[in-house]
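Engineer: Listed below, chain by chain, are the residues.
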Amino acid sequence: MAMSTPHPREAPDDDEDLEVLACGRDLAEVWERAALAPADDPHTLACAYCRQAVADLEHLRAAALPVAPAPPADLDTSALVRRVMEVVRLELRPGRDLPLGEDDEDSWIYESVAARTLRAAAEEVPGVRAGSCRVTPPGSRTSPARGPVGVRIDITVEYGRDLRSTSRAVRDGLARAARERLGLAVDALDVTVTDLHDPPDRPQEHRT
Amino acid sequence: MSARWGPDGQEDTADPGGRLLAVRAAEGDEEAFEMLVRGHSGAMLQLAERLMGSRAEAEDAVQDAFVSAWRSLPEYRGEAGFATWLHRIVTNRCLTLLRARRPAADLDAVAEPAAPDHRSSPARAAESHAAVRDLAQAMEALSAEQRVCWVLREIEGQPYEAIGQAVGIRPEAVRARVFRARRVLTEAMAAWR
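In order, the protein sequence lines correspond to chains A and B. Under the working numbering, the first residue of the first sequence is numbered 1, with each subsequent residue one higher. Under the working numbering, the first residue of the second sequence is numbered 1, with each subsequent residue one higher.
Bound-form chain B, shown alone (with noise of 0.2 Å):
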């Protein structure tokens, strides 16, 4: 057996019912494909939220994907890993709705972020939820493939080879998107010094 790497790699190699249940799916059990469904909701729903920056986005692509990944089950021939395979699927479908984004989308229309935890003073609660709220207005000038380069990277913790193949870009044009991101996002956090 080949090491995969996946977003939960292990859970891909330790988890033989998965590939089993992967296996059912692809030949039209659909009740093998719910319980996939159920199992790896949580955690894509999670990486869709981290890209497209609101949670109704995020339930609309991930939707997408699993349908989508359902038709495509009988192509699928198990070379990745399932969570790495459909990781994959709802990346794209979040990378192809922040490319149809208006450009110019108002800035009052910028999804408010998630409140941070409060488990400090009230003025510094109240100071990173500022801080917050200017990144998110901050990652909304990026592209879209920097916006989704610098997550995979920053907050998933991802390798650039594993964010090339999920954005099917060379790992070099991610190092590049992840610089720019970077950049822009450190200007525009710099008040906060």
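Here chain A stands alone, though its shape is the one from the complex (with noise of 0.2 Å):
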């Protein structure tokens, strides 16, 4: 692969054409090796078409970074965050349509909306951050049937709690938001540790 070779010549693109100094050496290169590190050899030293050229290039840095804007912090985006939200408003993925209450009942819920009340559930319990979550119904994807549905979900916690109490208590805390908050049958629950993360910053001098 091109890869294993840092200079490739084989490959001439329309517009790279080599620019020879004076002093023969290569301009690419030059501009390369000063951009890597300061010059150190005994040629670039001394030979004012290399040092010149450093110098033209070292001057349109020093033009260009001052047309750089503020830091990212001190732009203000909140008009921009409005419009994009207001576009995507406009092109929400509800997910599929699950059903809600007894059999004999045409209610429905869409997914995304389940899938945040039972993430919320989930991370009421302490050190838990909720991810993917997954409400299947029975039937076929493009026709979904009424009958309970099957919950996917994965979960970070926190370093140093334990995991089997943790998993398990987003199971009772799923179980019981899915019965009482949506009035949805579950009859799956699968509950997936994906990662550990660290506890919020805490001020660690005061720790004893």
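Heads up, a few of these hints could be off.
Said to hold, decoys possible - Among chain B residues calculated to face chain A with C-beta under 8 Å, some are:
1) 28
2) 98
3) 135
4) 154
For the record, the hints were derived by calculation from the structure and aren't laboratory data. We put the CB at the ideal spot given by N, CA and C, even for glycine.
Both chains come to you apart, so use the hints to assemble them.
Structural biologist: The structure is reproduced here in structure tokens:
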């Protein structure tokens, strides 16, 4: 692969043309080396052509950097965020329809809405953050049937928490939220711990 | 976990919360997406302003990029960090907008560049402002690819490989474009020696 050769010349590009300084050095190489480290070889230190070329590039950089706008944190992006979210809310992806209530009812809830409630329930357990949450109705993907749903949720848990009791607490919390907040019958509940995360920042110096 | 390079690579790995938010947004959680937009819009706006040379065009590019990120999130598999993935979308959007610019742009229409900070004497400040304006004009002579490769390399400080991935060309083609841009721009700036 071309990746193994640092300066491949076998693929001439239409706007790659070699430029050689009066001292015989390749200008592209001189600039590349100057970008990596201050000149240390005797030629570059002594050669007027090389030094001029490097000075030109440094001058260009000096002029380019003030063009850089304010640091990201100083930019007011609230109007931008609002405009983006206005478009996004016109293009929601609600997911599948899930059956709500009894078999003879015709009530449904969007998967994304149920998932939001279930993720929130999982995060009520201390030290838990919820990621993916898929809720699968019986029946095919295209025509969901009525009946109990399956729930799969990925969580990450704070370092130092007992994983068994934490995931059990998440399971209990999910089952309760499905029953009491959503009225959703669940027959399979998968909780997967996908990662561990650091506890939120604490003032370390105050610990004894 | 494999090491990922990103424009804010440390953030990608040190912020598992960002990955969770991306997964949730991919599943249709627009509130998670809004948190991502809030978290990344400053950096993306800065990138786009550097690429486009004007704030108004940068805002359009970033808005389009976020909307297109929302649409493509279901296909996002997390192989690149979210910031890196977003960075590519913004870069591509800017590249498209730069290509669509009329080639014979009236030089008077070149956006007035942001004023440099005036820490030095007024005379120096005026001189450097003029240099910045000349640079902005010279940049209009670059092709869209040259301009994008040069900004990503020289101002954003990205490796050639990452630029190649963002722009969709080989690293050696990036090298060639950066060199061409340096050539054109140093020549234009020679008057300020």
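Engineer: Hint by hint, say whether it matches the structure.
Structural biologist: Checked hints:
1. 28: 4 Å, holds
2. 98: Given a least distance of 16 Å, the restraint on residue 98(B) is violated.
3. 135: Since the shortest Cβ distance to chain A is 5 Å, the answer is holds.
4. 154: Holds, because the Cβ-Cβ distance from residue 154(B) to chain A comes to roughly 6 Å (cut-off 8 Å).
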